[in-house]
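Trainee: If you want the building blocks of each chain, they are given just below.
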Amino acid sequence: MQPWASAAEIAAAVAVGTTTAVSVVEAAIERIRERDGIFNSFTAITEERALAKARAIDAARATGRPLGPLAGVPFAVKNLFDIAGLATLAGSKINRQRPPAPADATLIERLEGAGAVLVGALNMGEYAYDFTGENVHHGPSRNPHNTAHMTGGSSGGSGAAVAGGLVPLSLGSDTNGSIRVPASFCGLFGLKPTYGRLSRARTFPFVASLDHVGPLARTARDLALAYDAMQGHDPEDPVCAKRATELTLPSLDRGFGDLRIAVATGYFRAGASADALEAVARGAKALGVTRQIEIPEAARARAAAYVITATEGAALHLDRLRTRAADFEPAIRDRLIAGAIVPAPLVTTAQKFRRWYRAQVLKLFEDVDAILAPTTPFPAPRIGQQTMQLDGREVPLRPNIGIFTQPISFVGLPGVAVPVPLQPLPIGVQIVAAPWREDVALRIAYALEKSGVAAAPRPPQ
Amino acid sequence: MKLEDNGTIDALVDAAARVLALPIEPEWKPAIRANLQITLRLAAVVAEFELPDEAEPAPIFEA
Chain Y
1249 MQPWASAAEI AAAVAVGTTT AVSVVEAAIE RIRERDGIFN SFTAITEERA LAKARAIDAA
1309 RATGRPLGPL AGVPFAVKNL FDIAGLATLA GSKINRQRPP APADATLIER LEGAGAVLVG
1369 ALNMGEYAYD FTGENVHHGP SRNPHNTAHM TGGSSGGSGA AVAGGLVPLS LGSDTNGSIR
1429 VPASFCGLFG LKPTYGRLSR ARTFPFVASL DHVGPLARTA RDLALAYDAM QGHDPEDPVC
1489 AKRATELTLP SLDRGFGDLR IAVATGYFRA GASADALEAV ARGAKALGVT RQIEIPEAAR
1549 ARAAAYVITA TEGAALHLDR LRTRAADFEP AIRDRLIAGA IVPAPLVTTA QKFRRWYRAQ
1609 VLKLFEDVDA ILAPTTPFPA PRIGQQTMQL DGREVPLRPN IGIFTQPISF VGLPGVAVPV
1669 PLQPLPIGVQ IVAAPWREDV ALRIAYALEK SGVAAAPRPP Q
Chain S
141 MKLEDNGTID ALVDAAARVL ALPIEPEWKP AIRANLQITL RLAAVVAEFE LPDEAEPAPI
201 FEA
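From first to last, the protein sequence lines stand for chains Y and S.
This note's numbering puts the first residue of the first sequence at 1249, with every later residue one more than the last.
This note's numbering puts the first residue of the second sequence at 141, with every later residue one more than the last.
Because the hints were derived from the structure by calculation, they are not lab data.
Using N, Cα and C, we set each Cβ at its ideal position, and we do this for glycine too.
Do not rely on the hints blindly, as some may be mistaken.
Facing chain Y, from chain S, some residues (calculated, C-beta under 10 Å) [to be verified]: (1) G147; (2) A155; (3) A157; (4) A161; (5) P166; (6) I172; (7) R173; (8) L176; (9) Q177; (10) I178; (11) R181; (12) L182; (13) V186; (14) A187; (15) P197; (16) A203.
If you only want the chain S side, here are some residues facing chain Y, beta carbon under 7 Å, derived [unchecked claim]: (17) T148; (18) A151; (19) P163; (20) W168; (21) A183; (22) F189; (23) L191; (24) E196.
Full structure from sequences and hints, please.
Mentor: Structure representation (structure tokens):
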């Protein structure tokens, strides 16, 4: 099995017996050991359980038992997902003292239920309050396309591990863009599903109002495979929707001829670099899209998301800020303390605005099925970079990374980031659909991949 | 809101730190002030948008 095989190719090869789950998993662990010293994407390798699981899959095949759709596919998870027997770090130093998690997160159980094999936990920005993938405790995750550049965050390791060819599939979380941003910077496909679609049970939270979880992969088909395997209600996550599974894989290759697609204008062009606009233009051309659409009050939506994030994040960490302030990453500690001081009426107003904005955005989807927008305003900056040139102006980098993802996750819309392999670094286009229409976004992602416009580029070896 | 007056923001930070029992080192204060000013500025952008008294918040949210 070649190291860049997709999840679908691995599962097919394991199913017909041209390879074994054990050999696939052993090869993945060997790659991680050989190459992750550069990417710094893994914080733990779960070799023992991975090999036991792989042996069980091979034994099942030998006795003719049916295999799952992800049989033998190695995957890894952002280290805010509980892994039985490991402390759930959430990128922090403080959480190293937590007791080992008693059980796996629901999404790990579901992927393993489909035959996938967990091989480890991944680096991330501390407590997910981050867009860079940098981490003072474990060191930054590094972008495989140029290791002097950031992966994006906060699911930085989830980006580096897949873009670097260590595993074909990872899980991340996305509160304001933390799946879609690393997908854009690392040249990957990333899915942030509808709010409440995938269970967050046994993941370390950040902002309950806005937290989502989802997959990153190198093909649109792998995203659909993983997403379909993870769907379904989970009573252990109180916001997980009581909704039947709606499979996306069967309609993936249906094309886009029946879909009404528009390009987001206004706010979604004003802050974008030439690269970001070029990527969207290529996607629009491939899809024959000329229509433009304005998402109303997107800047205010982003502002409200910022306020809710700062204050709910502060509430979550208030006790730790009292007792362990010196053990936080300083920049994150200072943001959280500031969040604790924001007057409460401003937060309620932000939540009221959210409902108003949701109604406006849902109206747009009466006329269109999907909206194209840049995922990030620019490709991956250098690690440690503090400012960025945009439109001839020097702007602070960090607050600008998420400007195009925040107005989307703020009202829980599903979004797929698809990679456009520009040189020297890739950048993502965001495909946004109506709530519960992940199938639409994934169909368009697949069509863009088939057209050649979208592709997860292989980094230099 | 008086966001640009550093003295006012610093006084708010000091008072809130005492009320919330948050230990704040003096050298953290400029960054905390800067972060609070950004958050309050963005909160003001949201608050200046007119919503009716009947507008419902979305803490229990459905996409």
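Trainee: Give a verdict on every hint.
Mentor: Going through the hints against the structure:
Because the closest C-beta pair between G147/S and chain Y is about 15 Å apart, greater than 10 Å, the hint is violated. The interface hint given for A155/S holds, since its Cβ lies 9 Å from the closest Cβ of chain Y, which is under the 10 Å cut-off. Hint on A157/S holds. Least Cβ distance to chain Y is approximately 8 Å, under the 10 Å limit. For A161/S, the interface hint holds, since its Cβ comes within 10 Å of a Cβ in chain Y; the closest pair sits about 6 Å apart.
The beta carbon of P166/S is not positioned within 10 Å of any beta carbon in chain Y (closest approach about 13 Å), and the interface hint is therefore violated. For I172/S, the interface hint holds, since its Cβ comes within 10 Å of a Cβ in chain Y; the closest pair sits about 5 Å apart. For R173/S, the suggested interface contact is upheld, since its CB lies about 8 Å from the closest CB of chain Y, less than 10 Å. Satisfaction of the interface hint for L176/S is found here, the shortest Cβ-Cβ separation to chain Y being roughly 4 Å, below the 10 Å cut-off.
For the restraint placing Q177/S at the interface with chain Y, the shortest Cβ-Cβ distance is roughly 8 Å, inside the 10 Å limit, so the hint holds. A least Cβ separation of about 7 Å between I178/S and chain Y falls short of the 10 Å threshold, and the interface hint therefore holds. Interface hint status for R181/S: upheld, as the beta-carbon distance to the closest one in chain Y is roughly 8 Å, under 10 Å. Annotation: interface hint on L182/S holds; nearest CB of chain Y at approximately 4 Å, less than 10 Å.
Below 10 Å, beta-carbon pairs count as interface contacts, and V186/S has one with chain Y at about 5 Å; its hint therefore holds. Hint on A187/S holds. Least Cβ distance to chain Y is approximately 5 Å, under the 10 Å limit. With 10 Å as the threshold, the beta carbon of P197/S comes within range of chain Y, its nearest partner Cβ sitting at about 4 Å, so the hint holds. The restraint placing A203/S at the interface with chain Y holds, with a minimum CB-CB distance near 3 Å, inside the 10 Å limit.
Taking 7 Å as the C-beta contact cut-off toward chain Y, the hint placing T148/S at the interface is violated, the least distance being around 12 Å. Residue-level restraint check for A151/S is violated (minimum Cβ-Cβ distance to chain Y is 11 Å; threshold 7 Å). Restraint check, P163/S versus chain Y: the minimum CB separation of about 6 Å is within 7 Å; hint holds. Restraint check, W168/S versus chain Y: the minimum CB separation of about 6 Å is within 7 Å; hint holds.
Interface hint at A183/S: satisfied, since its Cβ lies 4 Å from the closest Cβ of chain Y, which is below the 7 Å cut-off. The beta carbon of F189/S is positioned within 7 Å of a beta carbon in chain Y (closest approach about 6 Å), and the interface hint is therefore held. Restraint check, L191/S versus chain Y: the minimum CB separation of about 5 Å is within 7 Å; hint holds. Satisfaction of the interface hint for E196/S is found here, the shortest Cβ-Cβ separation to chain Y being roughly 6 Å, below the 7 Å cut-off.
The structure fails to meet hints 1, 5, 17, 18 from the earlier list, while all remaining hints are met.
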